[in-house]
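Position chain B relative to chain A; hints supplied.
2 protein chains.
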Amino acid sequence: MPRQITAFSNPLIKRMRGLREKRHRREEGLFLAEGLRILTEARETGRLPAWLFFSKASAGHPLVTSLIAAVETAGGEAIETVPDILSKLSGKDNPQAVVGVFEEFETSLDALDRSSAGIWLVAERLRDPGNLGTILRTGDAVGAGGLILIGECVDPFSVEAVRASMGALFTVPIVRASWDAFLVWLRGGPGQLVGLSLDTDNDYRAAHYDAPTFLLTGNEAQGMPADYAAACDLLVKLPMLGKADSLNAAVATAVMAYEVLAQQRC
Amino acid sequence: MPRQITAFSNPLIKRMRGLREKRHRREEGLFLAEGLRILTEARETGRLPAWLFFSKASAGHPLVTSLIAAVETAGGEAIETVPDILSKLSGKDNPQAVVGVFEEFETSLDALDRSSAGIWLVAERLRDPGNLGTILRTGDAVGAGGLILIGECVDPFSVEAVRASMGALFTVPIVRASWDAFLVWLRGGPGQLVGLSLDTDNDYRAAHYDAPTFLLTGNEAQGMPADYAAACDLLVKLPMLGKADSLNAAVATAVMAYEVLAQQRC
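So the sequence lines, in the order shown, correspond to chains A and B. So the number in my numbering is just where the residue sits in the first sequence, counting from 1, plus 15. So the number in my numbering is just where the residue sits in the second sequence, counting from 1, plus 15.
Keep in mind that a hint or two might mislead.
[Said to hold, decoys possible] In silico contact screen, one side only, chain A against chain B (beta carbon under 7 Å); selected entries: (1) Ala74; (2) Thr149; (3) Thr153; (4) Asp155; (5) Leu262; (6) Ala277.
[To be verified] Computed from the model, here is a short list of chain A residues facing chain B with C-beta under 8 Å: (7) Val97; (8) Arg152; (9) Ala156; (10) Ala265; (11) Val266.
[Claimed, not checked] Think about it this way: if two alpha-carbon atoms lie no more than 27 Å apart in a straight line, the pair counts; the simulated DSSO-like pairs of lysine-lysine are: (12) B:Lys71 with B:Lys103; (13) B:Lys258 with A:Lys107; (14) A:Lys37 with A:Lys107; (15) B:Lys103 with B:Lys29; (16) B:Lys37 with A:Lys103; (17) A:Lys252 with B:Lys252; (18) A:Lys37 with B:Lys107.
Don't read these hints as lab results, they were simulated from the structure. Quick reminder that beta carbons are idealized off the backbone N, C-alpha and C, glycines included.
Bound conformation, chain A alone (with noise of 0.2 Å):
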């Protein structure tokens, strides 16, 4: 039988609310993410959260019902609690019916087998969380291998990162390395790197994409380092028509995932 907290002054509400800021989440390996089409997800995945916070308005809701059997069944804690609580731990005004509250993963170089998929993303120093979030959801659609990060990305168990990738962050495999490890992995076996780089002739419809492909995606504001650029096996450009010279990084990401699958799918 869930317990109820309704009080902004219970420890286990702060110390929740403590998780939106990536100190707090390094220091307790936990994090949160909102709403039931993620949660949901999450649990088809094999992931349930240690803690599940849901308003009584909900409780009715059959998904939410075996949600909480499941949660308390895996020995985690269901907690019915008030609209204002879950909006607290969610940031929004109009919170989503749950919140989860669920141990940080991630998986290694060493564990990713490269023949699994045909399509594997790269970023480095990401900044914006709603561009690593998207960049998840793309790698999902397109059935990608895994998210490999490399240098000083925003963190992807961010309330923002983990709201942008609609649930999958938790289907898609995150791997964080350095730059230097991930090419030592990566010569390893087969692989193509392409980069996107507006310092190419070569267009991007006009290259091939064997499988593997390692698409790598620089720095929304500076793009690659140029020794980054000089490692790729291929360098491709995106046609720019108009007066900008440049595309929001998540939506470069996903037109080059998108040929590389069209072309692999054929």
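Showing chain B alone in chain A's frame:
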């Protein structure tokens, strides 16, 4: 010679800060855009801010000097201020060197020349300002003729949308219209209305996109209403290989727009 304002209590600063709210933008017919890159792009399209706020530290930058001169020549006012006030205006902790206050502008369906571009973007009930700005930025890159906003969309002149557009707000014509008015206009000339949908077997790569193609993107959470889909000349779907069944709206729009561009370039 630019005047200086260093006090938060200055009435002009208070008034300009108010433009972060939609209500005040509507009353004043003004909006905020920040950053040297965006303001320079605006200038190249013939738009100068009515007020230009700059920091003393940036005053020596040749592009800032040139912008100040252009604003003053055009009858606008350049105002030297402090980083804290630029921060308040832009809502960012690390403010850009310049913030401009522009008069709002938009165009009408009747002013659009559909023969001027092969791709047109149409979005209905778009809710996220970042998505709207990102779609504008993609529109600039693919040479779209304009962005037509149907129904209750987020305000394209919000600070977040302007920022995400990276200047494309100034280069891509924007029209706001009702669905009915749009359909009447659309059917008054050549043009194929293409909608992204999950309820079709038409793969987006197998379809053919004649110029002008109007790409319709539905609401982020709900997609487009059934009668909108029924009014499309063609519904297409993107492959979804993952556990989720959707892409970010700006990403889906971009993948489609680049496919149309690739076909029309041939």
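Hints, one by one, checked against the model:
Interface hint status for alanine 74 of chain A: violated, as the beta-carbon distance to the closest one in chain B is roughly 23 Å, over 7 Å. The interface hint given for threonine 149 of chain A holds, since its Cβ lies 5 Å from the closest Cβ of chain B, which is under the 7 Å cut-off. Satisfaction of the interface hint for threonine 153 of chain A is found here, the shortest Cβ-Cβ separation to chain B being roughly 6 Å, below the 7 Å cut-off. Taking 7 Å as the C-beta cut-off, the interface hint given for aspartate 155 of chain A holds, the closest approach to chain B being about 3 Å.
Taking 7 Å as the C-beta cut-off, the interface hint given for leucine 262 of chain A holds, the closest approach to chain B being about 5 Å. Look at alanine 277 of chain A: its Cβ gets to within about 5 Å of chain B, closer than 7 Å, so that hint holds up. Restraint check, valine 97 of chain A versus chain B: the minimum CB separation of about 24 Å is more than 8 Å; hint violated. The closest approach between the C-beta of arginine 152 of chain A and any C-beta of chain B is roughly 6 Å, which is under the 8 Å cut-off, so the hint is satisfied.
Look at alanine 156 of chain A: its Cβ gets to within about 5 Å of chain B, closer than 8 Å, so that hint holds up. Interface hint at alanine 265 of chain A: satisfied, since its Cβ lies 6 Å from the closest Cβ of chain B, which is below the 8 Å cut-off. Contact between valine 266 of chain A and chain B, as hinted, is supported at the beta carbon level, the nearest pair being about 4 Å apart and thus within 8 Å. Only pairs whose Cα atoms come within 27 Å are accepted, and lysine 71 of chain B paired with lysine 103 of chain B is accepted, the gap being roughly 16 Å.
With a C-alpha separation of about 26 Å, the suggested pairing of lysine 258 of chain B with lysine 107 of chain A holds against the 27 Å cut-off. Among the hinted pairs, lysine 37 of chain A with lysine 107 of chain A is consistent with the structure: their alpha-carbon atoms are about 18 Å apart, no more than 27 Å. The hinted pair formed by lysine 103 of chain B and lysine 29 of chain B meets the criterion: a straight-line CA distance of about 10 Å does not exceed 27 Å. As the CA atoms of lysine 37 of chain B and lysine 103 of chain A are separated by approximately 25 Å, the hinted pair is consistent with the 27 Å bound.
In summary, the hint linking lysine 252 of chain A to lysine 252 of chain B is supported, as the alpha carbons are separated by about 25 Å, within the 27 Å threshold. Under the criterion of a C-alpha separation no larger than 27 Å, the hint pairing lysine 37 of chain A with lysine 107 of chain B is consistent with the structure, at around 19 Å.
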